[in-house]
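Peer 1: Chain by chain, the residues:
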Amino acid sequence: MMAELASDFEKRFPGVPVIHGVMRRPADRFSVTALLGASGCGKTTILRCLAGLERPERGWIRFGEEVWFDAERRVHLPPQRRGIGFLFQDYALFPHLTVDDNIAYGVTDVSRRMRRRQAAEIMERFQLEGLGRRYPRQLSGGQQQRVALARVVIRRPRLLLLDEPLSSLDGPTRSEVRRELRQVLRAIGVPTVLVTHDRIEAITLADHVVVLSEGSVRQSGSVEDVFSRPEDLSVARIVGIETVVHGTVTGVDNGLTTVSVGETLVVVLGAGLIGDRVSLCIRGEDVILQEASKRTSGIRNQFPGQVLDVVHEGTMMRVGVDCGFRLTAVITKQTREELQLQEGSPVTALVKAAAIHVIPRD
Amino acid sequence: MCESAVWVTLRLAVATTAILLLLGLPLAYWLTTTRWRGKFLVEAVVALPIILPPTVLGFYLLMALGPRSPIGGLIQSVTGSSLPFSFGGILVGSVIFNLPFAVRPFVAGFTAVDRRLVEASWCLGASRFRTFCRVILPLARAGILTGVVLSFAHTVGEFGVVLMLGGNIPGVTQTISTLIYDDVQAMNYGAANVTAGVLLAFSVCMLSVVYSLQRRVPGL
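For the protein sequence lines, the chains are A and B, in the order given.
Going by our numbering, the first sequence runs without a break in its numbering and finishes at 604.
Going by our numbering, the second sequence runs without a break in its numbering and finishes at 376.
Please keep in mind that the hints were generated in silico from the structure rather than gathered at the bench.
It cannot be assumed that every hint is accurate.
If you want the ones that stay clear, here's a sample from chain B, every Cβ over 10 Å from chain A, calculated [stated by the list, open to error]: (1) W163; (2) K195; (3) G229; (4) T235; (5) G236; (6) S277; (7) W278; (8) S283; (9) R290; (10) P294; (11) L295; (12) G316; (13) A352.
In silico contact screen, one side only, chain A against chain B (beta carbon under 10 Å); selected entries [stated by the list, open to error]: (14) F272; (15) F330; (16) G348; (17) R393; (18) N543; (19) F545; (20) P546; (21) G556.
Glycine included, each C-beta is placed from N, C-alpha and C at the ideal position.
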């Protein structure tokens, strides 16, 4: 049997909906799971319960063969004994200890020399050489994050838990670190659960997304699945992006990049190298539907396809189109009536190259 | 100024402060972290000496520790001596009377420590005790030092409890402040003036230390 991090528990706080943490993720290999939801939806509480910092009222948490929490059997392993690494939102570096001492803090079972050597190795790996004698307040946000990660990774945790890992960074640093972080996590190579309210962060960092609303899991699945096929309106609102597909760059020409998604070629803006793997994000409002026979000049992406389904969403309609991949358009009722769209109708979907958001993947 | 009174005062202040560190730190940490509903009762009892006249406390301690009371009788049968009118007696009184001056700054110091740093320490595998020694104590040190200085200085200037429990016996229980009282009773104003002046200067110094400690931002 495959080792799993599995949980099903309830945690109550007065005045808010019961938080219900249901999850099933591999425990023995690298994968990044994002808990995505608006602030106050309980995602941080779920992370804290996994860490052992909160004790749920009901249910259980298991990691492989180990029982970390079981309300009925009165089992509650303290955080010290779960073998986890927890990265706090503001990093929680010890302000009275130097970078060296922060990093070596969790290493206790080896000799002093060994400890120093391990710390030196990890500092090189996280590009922190020369900063060992500084105090946390003398570091930039990005450096603080690397110290916090180094301090956790040096202990070889079996599970990494990250609480809003990028939220305390300012704008430019954030997008830079976002790109690096996925590579860093892959290099560490242990299963990771992270909490975020930022969909771009979830798409960039995660393989698997768990969408939370009012304390409960609304949908759980691969990034592509959850973003392209939200199961209900609450999920659709949270993910906000109707189409996310993975593809490979096959051509670069004059600032325009061609990405092949299966058989379909999609033109996007921005430089990339041939062979790069990317995720394409397309919002439903940016997709225009028109009669299959008509041609429109000036729009680079014109995908002939067939309507898969039509769903009412208030005054708008959500139309899924099969154009080699599933593309979702959000259109008005009037447009739908004009085009007489129903399941199976032929249609052409138009998307401006500039409206497609490209995220590099490893 | 009588040297034996200075010596008794110093011994009393050092011993009181040491005992308050041992008793007060755990008590203060418990008060900071407990979720027990009856906590306010303990807080009220600890704060009582701030408003209670020292003579009241001294009187009750005298009754409680005297050889005719159950507690006093037990102490006498175990140790062979009774606490009132001895150095041990004024030490007990002094510890109780100074409890708020140590515990309240300790609690303030512990409260100022960011909870997430404590949790970060746990998640890095450190036991609760190691976390207390390596994270909580160093970050609460401004509050702890304030408590130490305040209880030391306050013991040096303590009068009512020492007089009630100690009986002002020179060389045994007579401290600087009770010496001043004696000198004034004996119309020995010159000696009282010198002693009082020294005590005043000492108090000003100690309070300056306390306020300079508090001005430092907790955690560097």
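Peer 1: So, for every hint listed, does it hold in this structure?
Peer 2: These are the hints, each one checked on the structure:
1. Every Cβ of chain A is farther than 10 Å from the Cβ of W163 (chain B); the closest lies at roughly 38 Å, confirming the non-interface assignment.
2. Every beta carbon of chain A lies more than 10 Å from that of K195 (chain B), the smallest distance being close to 19 Å; the non-interface claim holds.
3. At roughly 45 Å from the closest C-beta of chain A, the C-beta of G229 (chain B) stays outside 10 Å, upholding its exclusion from the interface.
4. No Cβ of chain A comes within 10 Å of the Cβ of T235 (chain B); the nearest lies about 42 Å off, and the non-interface call holds.
5. Chain A leaves G236 (chain B) outside its interface by the beta-carbon criterion, the shortest separation being 47 Å against a cut-off of 10 Å.
6. A Cβ of chain A approaches the Cβ of S277 (chain B) within 10 Å, the least distance being about 7 Å, so the stated non-interface status is violated.
7. A beta-carbon of chain A is positioned within 10 Å of the beta-carbon of W278 (chain B); the least distance is around 5 Å.
8. The claim that S283 (chain B) is not at the interface with chain A is violated, since a C-beta of that chain comes within 10 Å of its own (minimum 6 Å).
9. The claim that R290 (chain B) is not at the interface with chain A is violated, since a C-beta of that chain comes within 10 Å of its own (minimum 8 Å).
10. Non-interface call for P294 (chain B) relative to chain A: violated, since the shortest CB-CB distance, roughly 5 Å, does not exceed 10 Å.
11. Look at L295 (chain B): its CB is around 6 Å from the nearest CB on chain A, not clear of 10 Å, so calling it non-interface is violated.
12. Even its closest Cβ contact with chain A, about 40 Å, leaves G316 (chain B) beyond 10 Å, as expected for a residue assigned away from the interface.
13. The beta carbon of A352 (chain B) sits about 41 Å from the closest Cβ of chain A, which is more than 10 Å, so the claim that it is off the interface holds.
14. Taken as an interface hint, F272 (chain A) does not check out: its beta carbon lies about 21 Å from the nearest beta carbon of chain B, beyond 10 Å.
15. Because the smallest distance between the Cβ of F330 (chain A) and any Cβ of chain B comes to about 5 Å, under 10 Å, the interface hint for this residue holds.
16. Here the hint on G348 (chain A) is kept, as its CB sits about 3 Å from the closest CB of chain B, short of 10 Å.
17. For R393 (chain A), the interface hint holds, since its Cβ comes within 10 Å of a Cβ in chain B; the closest pair sits about 7 Å apart.
18. Interface restraint check: N543 (chain A) against chain B, minimum CB-CB distance 47 Å, threshold 10 Å, status violated.
19. At a threshold of 10 Å, the smallest CB-CB gap from F545 (chain A) to chain B is about 48 Å, leaving the interface hint violated.
20. Look at P546 (chain A): its Cβ only gets to about 54 Å from chain B, farther than 10 Å, so that hint breaks.
21. Hint status for G556 (chain A): violated, given a least beta-carbon distance of 41 Å to chain B, over 10 Å.
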